[in-house]
Amino acid sequence: MITMLISLIRVTMRYIAVVSFMALPMIIEAAIMANVEK
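Under numbering that gives the first Met the number 0, the sequence shown has 27 at position 28, and the numbering climbs by one with no breaks.
These aren't lab readings, by the way, just hints derived from the structure by calculation. Among these hints, one or two may not hold up.
Label pairs and their computed distance ranges (CB to CB) [said to hold, decoys possible]:
#: 1; residue 1: 33; residue 2: 2; range: 43 to 49 Å
#: 2; residue 1: 25; residue 2: 3; range: 42 to 48 Å
#: 3; residue 1: 8; residue 2: 29; range: 37 to 43 Å
#: 4; residue 1: 1; residue 2: 27; range: 35 to 41 Å
#: 5; residue 1: 31; residue 2: 9; range: 31 to 37 Å
#: 6; residue 1: 6; residue 2: 36; range: 33 to 39 Å
#: 7; residue 1: 1; residue 2: 34; range: 44 to 50 Å
Here the structure is a predicted model, which is why all the values come from computation and not from measurement. We put the CB at the ideal spot given by N, CA and C, even for glycine.
Starting from the given sequences, assemble the full structure and let the hints guide the process.
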């Protein structure tokens, strides 16, 4: 039961890391665009 919970948390953390890593370039690009428009 506890092992299952730990593995679930680990998978969730990995998923969040992958999603944030994929979204990072878009966030940086949006920030650059916002700075250019000022």
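Hints, verified against the model:
{"no.": "1", "hint": "33 with 2: 43 to 49 Å", "result": "holds, 45 Å"}
{"no.": "2", "hint": "25 with 3: 42 to 48 Å", "result": "violated, 34 Å"}
{"no.": "3", "hint": "8 with 29: 37 to 43 Å", "result": "violated, 30 Å"}
{"no.": "4", "hint": "1 with 27: 35 to 41 Å", "result": "holds, 39 Å"}
{"no.": "5", "hint": "31 with 9: 31 to 37 Å", "result": "holds, 34 Å"}
{"no.": "6", "hint": "6 with 36: 33 to 39 Å", "result": "violated, 45 Å"}
{"no.": "7", "hint": "1 with 34: 44 to 50 Å", "result": "holds, 47 Å"}
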